[in-house]
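Colleague: Here's the letter readout for the chains.
Protein chains: 2
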Amino acid sequence: MRAIEVEDGESRPKLYGYWRSSTSYRIRIALNLKGLTYDYVPVNLKEGEQMGEAYRAINPHGTVPLLDTEEGQFTQSLAILDWLEVHYPTPSFLPKTNAALCRDLYYAVATEIHAPNNLPILKYLKSEFGADQAALEAWYQTWIHKTFAPVEARLAAHNWSGEDLPFGQPTLLEIVLIPQVYNARRWNTDLSMFPYIEKIDAACIDLDAFDKARPENQIDAS
Amino acid sequence: MRAIEVEDGESRPKLYGYWRSSTSYRIRIALNLKGLTYDYVPVNLKEGEQMGEAYRAINPHGTVPLLDTEEGQFTQSLAILDWLEVHYPTPSFLPKTNAALCRDLYYAVATEIHAPNNLPILKYLKSEFGADQAALEAWYQTWIHKTFAPVEARLAAHNWSGEDLPFGQPTLLEIVLIPQVYNARRWNTDLSMFPYIEKIDAACIDLDAFDKARPENQIDAS
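Each protein sequence line maps, in turn, to chains W and L.
Read in full-length UniProt numbering, the first sequence has 183 at position 183, and its numbers run on one by one without any break.
Read in full-length UniProt numbering, the second sequence has 31 at position 31, and its numbers run on one by one without any break.
Calculated from the structure, these hints are not laboratory results.
Fair warning: this is a prediction, and the values are worked out from it, not measured in the lab.
Any given hint could turn out to be false.
As the list claims (entries may be wrong) - Simulated restraints on C-beta separations:
#, chain 1, residue 1, chain 2, residue 2, range
1, W, I219, L, E47, 51 to 61 Å
2, L, P91, W, G72, 21 to 31 Å
3, L, R56, W, E163, 24 to 34 Å
4, W, P60, L, K126, 31 to 41 Å
5, W, D39, L, M193, 27 to 37 Å
Don't be surprised by glycine CBs; every beta carbon is placed ideally from N, CA and C.
Extracted from the complex, chain W is given alone in its bound form:
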C-alpha cells in the first residue's frame, strides 16, 4: 500500500468513522483501492458520540464518515468518492467500457437504500410508530429488495459471464454494494434471488482492499 504523497507539514487524511457504518465502510474500501494510508478516528454511533458537542463542532451534520484532508472536510461519502477519483485517478473507480451503466447502478445502490435504513429513521419508527424488531426487519428488507431486484435484473441483462466482476475490476458499484450486502445479511435478508449480486460479493471478499475494510477488521469493532 503506497502512502499518500505528503509534502512537509502536510498530514495524511483523517477518516472519522464507525466500524458498522455502511457509508464509513464505503470510504475504507475506496481508500484501500487507491492504495492510500489514512488515520482512523472512531466515532461511537452506538453511544451517540456523533450528536455530541465535540463532534458537531467538527461536523455540523452529526454524521460519519467525515474525511479531513488538506483541501477541506467532506461529510458526504459520495463527495469523498468524487474527490478521491479526481485526486488519485489510478486505479480508476470506473471501467473503460460500460461506465454509464456502472454509474447508474452505483447511484441506485448508493442513494436508495442507505437513507431509509439509516439509524435515525429506525429510531423514529420505534419511538413514533412503535415498530418492534420484526417490523424493523421487514422495513429494512423491503428497501434492500426494492433496489436489489432491478439491479440484479440489469446485471443479468448485461453482457457478463458471472465470473470475476461485471465491469472487470472493482468500481464505484462494488464500493457501495458490498457494505449493503453486509447490512442485508445482518438484517437476515434473503439474498437467494440475487445470484449475480452474491457473485460480486464473493469475488470482492477475496480482495485485500475489501477484506481490510470489513467492519470486523476495524479497531473499534466490538
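Put chain L on the given structure of chain W with help from the hints.
Modeller: For chain L alone, coordinates are given in the frame of chain W:
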C-alpha cells in the same frame, strides 16, 4: 435555448418524468441550465403508471426520471447530472472556487431527504404503521429539517453576503435544493429558520431555467 447538437438520424434526449416528482424537477432544471431541448414523456405516478408492464420494460426500477439518450438510458437523477456535465460542460454545474463545499452540500440535499420522503415509503407508513396525514407531515418535515439545519449552518459560515447565490452561479446545489424547497412548502414545513436557503430559493425563481422547470409549468400538471 440552443438545441442539442444532433447529427442525421440522432434524436433529442427523451425525459420520462412526472410534474411533481422532485427528481424529475432536478433534471428539467439541469437540461434548461445547459440550454438543451428535449422531449418530455409524462409518466403518471398518481395512477401507478411507473409500475405498469409497459414502463417497466423501459425502466426495470419503475421510477422516474429516466433520460433516454443516444448513449444509453439513465434511471438515476445523479447519473444524469454527471452525464450532462461531462457531455455539455458549459455552463458548468460547479463553481470555479469552493467546488468542494458545493459538492458536499449538494450530496447532503440530494441523498438524505428524497429517499425517506419518497412515495413508496409514505405508502408503506400508511399501510403498515397506520400513519395518518398528520403523522406523515411530521415524518416528512423531520427529514427536511435534519438536513436543512446543517446545510443552513454551513451556508451561514461560508463567506457569502446572502446576495445572489452562494457560489455566484446556479450549481448542483441549487438543482437539487429548489425542488426540495418546493416539496417542503407542499408539506407545510416551516422554513423560517433557514433564511439562507430561502434567499437561494428567491434568487432562483427569477431565473428562466428554474421557472420553466417548475412543476406547475409542465404539460402533465393537474
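Colleague: Take the C-beta atom of W:D39 and the C-beta atom of L:M193, compute their distance, and say whether it sits inside 27 to 37 Å.
Modeller: 36 Å Cβ-Cβ, so the 27 to 37 Å window holds.
Colleague: Is it true that W:P60 and L:K126 lie within 31 to 41 Å of each other by Cβ?
Modeller: With Cβ atoms ~33 Å apart, the hint holds.
Colleague: Can you tell me whether the CB distance of L:P91 to W:G72 sits inside 21 to 31 Å?
Modeller: 24 Å, holds
Colleague: Given the hint of 24 to 34 Å, check if L:R56 and W:E163 actually sit that far apart at their C-beta atoms.
Modeller: Check passed, 29 Å falls within 24 to 34 Å.
Colleague: Return holds or violated for the Cβ distance of W:I219 and L:E47 against the range 51 to 61 Å.
Modeller: Between W:I219 and L:E47, where Cβ atoms are some 53 Å apart, the hint holds.
The structure shown violates none of the earlier numbered hints.
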